[in-house]
Amino acid sequence: MDPLLIFIQSLNGLQLGVMLFLMAAGLTLVFGVMNLINLAHGSLYMMGAYLAATIQQHTGSFLLAVLLAIPLTTMLGMLVEVVALRKLYRRDHLDQVLATFALILFFNELVRIIWGPQAYFMAVPGLLSGYITILPGVTYPVFRLVIIGVGLAVALLLYFIIARTRLGMLIRAGATNREMVGALGVNIKLLYTIVFGLGAALAGLAGMMAGPILSVEVGMGESIIILTFVVIVIGGIGSIRGALIASMLVGVADTFGRVLLPPALASMVIYILMATVLYWRPQGLFPAHG
Amino acid sequence: MSKRLIMLVAGLFLVWGSSAYAAEQLKVGYIATMSGPAASLGTDILDGFKLGIKHCGDKLGDMPVELVVGDDQLKPDVGVQVASRMIEKDKVDIVTGIVFSNVMMAVAKPITDAGIFLVSGNAGPSPLAGKGCLPNFFAVSWQNDQTHEAMGKYLQDQGVKTLYLMAPNYQAGKDGLAGVKRYFKGEIVGEVYTKINQPDYAAELAQLRAAKPEAVFVFYPGGMGINFVKQYAQSGLKEEIPLYTTAFTLDQSVLQAMGDAALGLKNSSFWSPDLKNPANEKFVADFKATYNRIPSLFAAQGYDAALLIDSAVRAVNGDLSDQDKLREAFKKADFKSVRGDFKFNNNHFPIQDFYIRQVVKNEDGVLTNKLLGIAFKDHADAYATQCEMK
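These protein sequence lines are chains A and B, in that order.
For the first sequence, our numbering gives the first residue as 14, with consecutive numbering after it.
For the second sequence, our numbering gives the first residue as -6, with consecutive numbering after it.
Next up, chain A with everything else stripped away, as it sits in the complex (with noise of 0.2 Å):
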């Protein structure tokens, strides 16, 4: 392969990885802090993009779609929380696995009936359609490169509210060890349903991000799920470091792998990527659990 093909493609594998990121972002936090396995995290990344895609069709502006969008999906999903996910912390696995499959169901039925079965219309927004060169003789659509640097910009952010914030302060302790936040006073019920809100805001803003590039269609959300949680698990679940260097590894992975090996051995890479870092560090890359 020759260099500047190597280039566009490592330029797809970062931009599949930090879309990767802002989904497993909100799940790795999920799963760490609350111990939920929340499967449903694609339905409110499909009503991120279904929203916003809405919005831009009435307002024609993709800023306004996207800033109203995003507290709109915050505010579905710390709903989703209040009234369904928030009698299931004490349950097991496998309880939370069926019910969240159920609001799968539910989300997706909910879209059929609102927007139909057909795909959903979202453009490029004007200014950032089209493509630019990068390099001489290389191409590279506008809008990919603002999924990367959104999605940049979002980790950094991330990492200062984790690291420099009260809040981020709490999330890391109750990822480390919830009952002891709990112990010493901090309203731990609110707490699960800001970082619920926060990782349905991500997996919103994801939706959002990909509308305009993909078809916003009824299931889009479980076509990432499987990858997302590839992440978090090679990750270390509970750790935002860990999901985004295992959302780049996994991104550049598959990437690679889908161009330079046969379909069906392409299709395992990331499993067997997964496998691999388990065996070496069966917590993952960057585990939170002390």
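Hint data in this document are derived by calculation from the structure and do not stem from the laboratory.
Only true hints are included.
Computed spacing ranges between beta-carbons, pair by pair:
| # | chain 1 | residue 1 | chain 2 | residue 2 | range |
| --- | --- | --- | --- | --- | --- |
| 1 | A | L111 | B | D150 | 52 to 58 Å |
| 2 | B | G358 | A | R104 | 50 to 56 Å |
| 3 | B | P57 | A | V110 | 45 to 51 Å |
| 4 | A | R179 | B | E232 | 51 to 57 Å |
| 5 | B | D279 | A | H71 | 29 to 35 Å |
| 6 | A | V110 | B | K370 | 53 to 59 Å |
| 7 | B | D150 | A | M88 | 55 to 61 Å |
| 8 | A | A166 | B | K167 | 39 to 45 Å |
| 9 | B | D55 | A | A277 | 50 to 56 Å |
Glycine included, C-beta positions come from ideal geometry on N, C-alpha and C.
Given the coordinates of chain A, assemble chain B onto it according to the supplied hints.
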């Protein structure tokens, strides 16, 4: 056994018995994928089928119709369950629908073995067209390879020298590309199979650009097609290398979700909403009036399925007991198809014309397909000679 239980069982038998000897009524079972991401196909065929019943005077073959609808969930085993329920409990006379080939392969035998006629509204898998052809099976749609063959022929006629092929890694994807290669004789510079339901194609598109083909052919139905076509345009490839595909990728039901990325793309099909014949003009106009949207090719197939059943049942005066007579009546295909000329081959698959269409914006600004020209006249499928039926 308690007295009540005996009463209940006796009562059940009474009800069952009476329904088996119901009044002069045609019971049609409709099995299709009605839930999940591919649900819009099943509902489209059903909408077309219902409009067909309406145009036949709310009857089929002068008999009042009772429609039993079942969802196969795109799972062959569920399809078989639904089919056996329709055969044993509902006692349907005819079954139609069936979107996906894998479901069709599972239900075709049990349904036809029960002496019931099966009219495929979509799926046309090659085994049923060749050695495994069935006397009670009729496909009112097409054989899977035919539409792809039409585009292969067109690319050959255009003098394209080098072609790059892409499809999802499953049977229909491989059949599709095999269909193209049957008629395209130039050089294939790349043949890529991607994981089914893969959402992002950035990596494959970079490889494609590096291969510098003269043209690209892809088969990506449904949501995969929306993703691919949008990303092809966004990468700037649309202006560099022309993209060709079939109607399954650029169908009416997905065009609006693609937006301008689909504009100008060429695809092959047995039908188009602007096909000029009285039956089609009436169908398209009434479909728009009834459902407030332009019909897809799936709706057109559903409509034709209703008209075919109507013609066959009418020809035997509603007497479905003589299977041979009914089969002859089906075989004649004595109805006005929305595609114009239509006849069945020895394997009960259609011999029909195939066209090349282009995506345009109509006067209302809605994306739709417009006829460009004809690729095949009276095209028969490649498997008919392997079928032993006359």
